[in-house]
Amino acid sequence: MGPVLAGVLQLLALTAALALAYKPLGAYMAKVYSSDKHLRVEKWIYKGIGADPDTEMRWPAYLRGVLAFSVAGVLFLYALQRLQGVLPGSLGFAAIDPDQAFNTAVSFVTNTNWQSYYGEQAMGHVVQTAGLAVQNFVSAAVGIAVAVALVRGFARSRTGELGNFWADLVRGVVRILVPLAAAAAVVLVACGAIQNFSGIHEVGQFMGGTQQWNGGAVASQEAIKELGTNGGGYFNANSSHPFENPTPFTNLFEIFLILLIPFSITRTFGLMVGSVKQGYAILATMATIWLGFVALMMWTEFSHHGPAFELANGAYEGKEVRFGVGASSIFAVSTTLTSTGAVDSFHSSFTGLGGGITLLGMMLGEIAPGGVGSGLYGMLIMAIIAVFIAGLMVGRTPEYLGKKIGSREIKLAACYILITPALVLVFTAFAMALPTPANSMTNSGAHGFSEILYAYTSGANNNGSAFAGLNADTQWFNTTIGLAMLLGRFLPMVFVLALAGSLAEQKPVPATAGTLRTDKPLYTGLLVGTIIIITGLTYFPALALGPLAEGLA
8 MGPVLAGVLQ LLALTAALAL AYKPLGAYMA KVYSSDKHLR VEKWIYKGIG
58 ADPDTEMRWP AYLRGVLAFS VAGVLFLYAL QRLQGVLPGS LGFAAIDPDQ
108 AFNTAVSFVT NTNWQSYYGE QAMGHVVQTA GLAVQNFVSA AVGIAVAVAL
158 VRGFARSRTG ELGNFWADLV RGVVRILVPL AAAAAVVLVA CGAIQNFSGI
208 HEVGQFMGGT QQWNGGAVAS QEAIKELGTN GGGYFNANSS HPFENPTPFT
258 NLFEIFLILL IPFSITRTFG LMVGSVKQGY AILATMATIW LGFVALMMWT
308 EFSHHGPAFE LANGAYEGKE VRFGVGASSI FAVSTTLTST GAVDSFHSSF
358 TGLGGGITLL GMMLGEIAPG GVGSGLYGML IMAIIAVFIA GLMVGRTPEY
408 LGKKIGSREI KLAACYILIT PALVLVFTAF AMALPTPANS MTNSGAHGFS
458 EILYAYTSGA NNNGSAFAGL NADTQWFNTT IGLAMLLGRF LPMVFVLALA
508 GSLAEQKPVP ATAGTLRTDK PLYTGLLVGT IIIITGLTYF PALALGPLAE
558 GLA
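Count along the sequence shown starting at 1, add 7, and that's the number in our numbering.
A portion of the hints provided could be inaccurate.
Listed below are the simulated DSS-like cross-link pairs for lysine-lysine, each with C-alpha atoms no more than 27 Å apart in a straight line [unchecked claim]:
id, residue 1, residue 2
1, Lys527, Lys284
2, Lys514, Lys411
3, Lys418, Lys514
4, Lys38, Lys54
5, Lys284, Lys38
6, Lys514, Lys527
7, Lys527, Lys411
8, Lys38, Lys50
In short, the hints are calculated from the structure, not lab data.
All chains should be modelled from the sequences, with the hints used to inform the complete structure.
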């Protein structure tokens, strides 16, 4: 079997598995967030944190809950890292430096999971499990909660109430993420991923010496790392490490976990707003972009330019031979079109245009299908922009799901789509203009520029993957990427929740003959075009200086 055919067959198998899981999981999540009953364990948690899960919140109160919980998470994780040297199970590792501890705490709380450290050489068992793994669950649940609040804004009328943040958070963890992650961890262990709390031990011979490896609760963290679109690896090699991702089957299974909730939540959206066709329209938009990017990536990586490519039968540099070019292409697209950031190959080693595709996937806003929760609310913001553009074309006040998109709504949506590009481009400009940050670049020219552009794109879009080649463990990058992650996560949430509150206060508008049907293929095409055009106009100059210049050289 040729490598191209193998890649296509894996893509078909993955698509089939996602299609089988779509309806049951999407319907289950809709039931979870529509139920008025609480499980016994949930009641214990509410009592422990002093929250009343039955109290409805308007958007400012919901936002305060999101921010308060996230600030507490940053402080706890920062303290845990700074105290690592005196904690049990630290494996002898010292406390993490202040700037790196700040960066890592922000990274995991914002669902970014950017890592400027070697996991197996810096973090002990307590920090990995009680700190990083816990944030993998709760940061993902926060994203889902904000998405559900926006969906309620469309579904409800004449009220500003969006549900209860604490109830949405707890239900997301207890009823969705923990059961799915537990089942996924069992599969990974059965296929060879490790799960233990062993210490550091020497193995084999390597260039005249021995290698040292430490064990860890890897399979359980790997499961939620992918399922929650987190991406932070137990080891520096991330999902190319055989302890995390031992076989081609686990590689495909991990891609499945990455895409499972972001695709399935579109059905949750359709059921909660009372129109499954609307969910299918959003799903079709996401799937069109994802499949298009996979096809482009496979083309760039399989296209044989020169004898080296022909002899290797593809661009094999930086890719695991266990997985091949096809599977690595699917993984790279899936992880950068979501907010996952996990890697089974190194994106810096992709062809010039291939690296550009990973960059562009993040620049779209990671909405195809995007992160857990964040992908849905990002896509719904773009849906509002699309109906606004359509309204301008015909001279009619735009409507979406029975709600008028007035000046307040479009201003909030515009602020949402502008904040992340502003963070990326401003921080990149400063890093390239100042003398010190450029010293961290391994490469010069277009590829070196791509390293820095990728770093801030990854941070501000809460992706977390790295282009490789950039020494990001400096005070400048730890601090500025940390700020990009914080602002890129929570400023958009302010606009999303304010928009949700504004929509929930409206009374529904009846559909007329002039209403744009947003559940038809025509609208799906308009939405895809809107996303591509807005992203292209925003980022094309930066892409031209980096991956396009390299790819066309």
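Results for each hint:
Taken as a hint, the Lys527 and Lys284 pair is honoured in the structure, with Cα atoms around 8 Å apart against an allowance of 27 Å. With a C-alpha separation of about 9 Å, the suggested pair Lys514 and Lys411 falls inside the 27 Å cut-off, and the hint holds. A threshold of 27 Å between alpha carbons decides the hint, and for Lys418 with Lys514 the separation of about 20 Å falls inside it, so the pair holds. About 23 Å separates the Cα atoms of Lys38 and Lys54, which keeps this hinted pair within 27 Å; it holds.
With a CA separation close to 18 Å, the supplied pair Lys284 and Lys38 stays within the 27 Å bound. Distance restraint check for Lys514 and Lys527: the Cα-Cα separation of roughly 24 Å lies within the 27 Å cut-off, and the hinted pair is therefore satisfied. For a cut-off of 27 Å, the pair hint linking Lys527 to Lys411 stands: about 19 Å separates their Cα positions. A C-alpha spacing of about 18 Å is found between Lys38 and Lys50, which places the hinted pair at or below 27 Å, so the restraint holds.
Every hint from the earlier list agrees with this structure, and none is contradicted.
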